[in-house]
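There are 2 protein chains.
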Amino acid sequence: MADQKKMVEAITSMEEDFSRWYTDVVKKAELVDYSSVRGCMILRPYGCALWENIRDNLDARFKELGHENVAMPLFIPESLLQKEKDHVEGFAPEVAWVTYGGSERLTERLCVRPTSETLFCEHFAHVIKSYRDLPKLYNQWCSVVRWEKTTRPFLRTMEFWWQEGHTMHETKEEALAETEQMLNVYADFCEQKLAIPVLKGRKTEKEQFAGAEATYTIEAMMHDGKALQSGTSHFFGDGFARAFDIQYTGRDNKLAYPFQTSWGMSTRIIGAIIMTHGDNNGLVLPPAVAPTQVMVIPIAQHKEGVLEKANEITNRIKSFCRAKIDASENSPGWKFAEYEMKGVPLRLEIGPKDIENNQCVLVRRDNRQKYVVSLDELETAIPQALQDLHDALYQKALENRENRTWAATTMEEAKEIADRDNGFIKTMWCGDLDCELAMKEQVGLTSRCMPFRQEQLSETCICCGKPAKKMVVWGKAY
Amino acid sequence: MADQKKMVEAITSMEEDFSRWYTDVVKKAELVDYSSVRGCMILRPYGCALWENIRDNLDARFKELGHENVAMPLFIPESLLQKEKDHVEGFAPEVAWVTYGGSERLTERLCVRPTSETLFCEHFAHVIKSYRDLPKLYNQWCSVVRWEKTTRPFLRTMEFWWQEGHTMHETKEEALAETEQMLNVYADFCEQKLAIPVLKGRKTEKEQFAGAEATYTIEAMMHDGKALQSGTSHFFGDGFARAFDIQYTGRDNKLAYPFQTSWGMSTRIIGAIIMTHGDNNGLVLPPAVAPTQVMVIPIAQHKEGVLEKANEITNRIKSFCRAKIDASENSPGWKFAEYEMKGVPLRLEIGPKDIENNQCVLVRRDNRQKYVVSLDELETAIPQALQDLHDALYQKALENRENRTWAATTMEEAKEIADRDNGFIKTMWCGDLDCELAMKEQVGLTSRCMPFRQEQLSETCICCGKPAKKMVVWGKAY
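Chains as they are written, first to last, in my numbering: chain A, 1 to 478; chain B, 1 to 478.
If you're looking for bench data, these hints aren't it; they were derived computationally from the structure.
Any given hint might turn out to be false.
Intra- or inter-copy, both count: the list cannot distinguish identical chains.
[Stated by the list, open to error] Here are the simulated lysine-lysine pairs, DSS-like style, with alpha carbons at most 25 Å apart:
(1) Lys136 - Lys28
(2) Lys318 - Lys136
(3) Lys172 - Lys200
(4) Lys27 - Lys136
(5) Lys318 - Lys172
(6) Lys27 - Lys129
(7) Lys324 - Lys63
(8) Lys129 - Lys28
Construct the complete structure from the given sequences, taking the supplied hints into account.
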């Protein structure tokens, strides 16, 4: 117990300082390490395994829907980046520039990709000639670099890992359907696998991706009531196609420009997992992506037969869950605290008395609920406990979001709510940039999205009183 | 047949120009596309799927042996690269330098990683404190950049994809055992999965990795008799550990430096697959990594029942092999040529007569051998045909290597052989750099390796006549 206490005391509590709690968890759960490269993180084995599980799950979904992976170059020549006007304006200020190759000064600077629309477009121009070449449904897994001033692990780093889907379609309708479909893939993944409820909606023009005609987003609410944009899907129209001269011969034998989408989810989502489910004992991982789902901890392991049985059980349950055993010399108390810190969904305790009774104890990470389970029933009890844990995480996160979602019809009301607490504030909006900026200046909130599920809170814009066009959800964002 | 002829004629024959044949295959099999970034390639869906199969197979082997994946930053600060003297000398001339972040000039240049020893060492210094922290068995999948003057897809590109394993051990013996183990993993993978026989050996000091105490290599022979270094494994001793001040408290309670290894295999191996197995009809892929192992081609597909049956079979065989159907409007002849070009190991033809007789025709890519197979026996016939194909590829490559391996005891003899043909030439060597350089100047060959299986061809060095220390295998290398 002394050990356990020591471990737990080593994290700042969420209530004391949420931001320090976050950094403590990231570090003590051994997700990342810092390097001497400013703003770049190292994904340690535990963080990397978590990302690989996220990747594999998403990748299977993409492929199921007909997408193919490709790998594009890391560099973008300056002239290529400049081909689409809005896009270069959005990204040029925040890219890393390569100016030398060995000792030779380059005649043209290369930027390290901040995103790869331009590279995909150049390639699309090579391979799209006829309507028979459409759709092109591409995706790539890679890291990208954005020269950020302030960085925090997962949430905002100079280099981050992600996937970027890039697709080309014959018709606008198809491209719009793809944009929506991929947003739904992200939302479903967040809810079904990460136990994170998300709000689906469209970004305002101000918050749109550089070069997009429409950007759709899923917004999650963190434990502290702040918002985290967790995945985006963009409809480009044929703007890039025109800028990059991508034309195909259509069914009518005429040249036409295809319609484009892109969509991405990044290592940021790990930040969302931490801040949605974590608690004062550390990380709490949703079972679907947890590197270890069940940690077997032998009790009184020096006693005859305990380690053998614990090993036997570990090997047996590995056939249906990701299980490990910790048979090290550390005390059970130390191990309990360690795997609570790492957010392992279930621990399985087994000692001499349990063996005598042909049973073991399962302990859930989220609420420390104990289940005494017959060793004959592990095949049903463990999957059930993992599912229960998932459902409880989702329910808790949903309640937090519901408790922190308010409607406002006047600026005073909005300000009063925002001053009191973090959360989502729903208001009506006329659609003007000025009113959006006023919310930022006067209330300190930015628009998160215009939810697909609109409500009619009033007839008029909260700011200017003119007729309202949309309900917007506002919040403080990571 | 006209279509088929047209496709086949579109590649330069190997005998006419091996180098152009290679480039034609790479392009027409749709493995890569060029981008506007000099020397950087795009992995198209087919090339990317091939690389993913290679990655997944190797990754499972690494993990089975206890290795964990991590992800290191893309950038290395100049001062970090300079910490190990030999290493920086080897790599500094060929790195890409980032000098600007946005519009701000950096106070210290960052290079884009050409390899990540320095980053791993910096991290190891953070996480290795005690012998209990050892061994550290890490690996990462990423791309690296080397500023090459002349580039060719897969063989030598500015950016390439690879894995780099980096491990730290308590003792020299353990590190040496790891170096050897991982070389064996590569060799086994090449032979058992890629059907490429490899020669295992140690590199001469001149050919060693920058900063290594010993470099081990697997060398494959291409169809044209030239050599391709296909994977390397390095033993670093404690040189980097000293340079980066990585110390741990040993079992004796004293501070000590750990011993280090690194090992890598890259997208180069795809070049080896192409040049070992390919023929004048295009690519020939070893079944274990082929994105599609069986392509189902319906014959007379407009006839009643053919497409239904072909689809049914495709879905059925998908349970035990990677299968696809091409039900497009293209002619069977066009399809045959297309999937021969893409190196699909087996095609399965099924037409009205076959259906009547409850059979189909399997055609092997390597020798066009046809098997008429009962539809009741696909579960055994297809895996058997794939295995036969693998074995035949391996055997053919082995024969090519044996036919092109010669021994020489005089420089004249070596020169005569080298002038006549490409291949491996075995000679005795005294161990002096001068004699190694003389082989290059006078015979035009570089040392490939000192094979683990040594032979005693004579008592003296082929060049200087002094007592010989080692048998070396020489060749022309890609």
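(request) If any of the earlier hints don't hold here, list their numbers in rising order. (result) The structure conflicts with hint 5 only, although it agrees with all the remaining ones.
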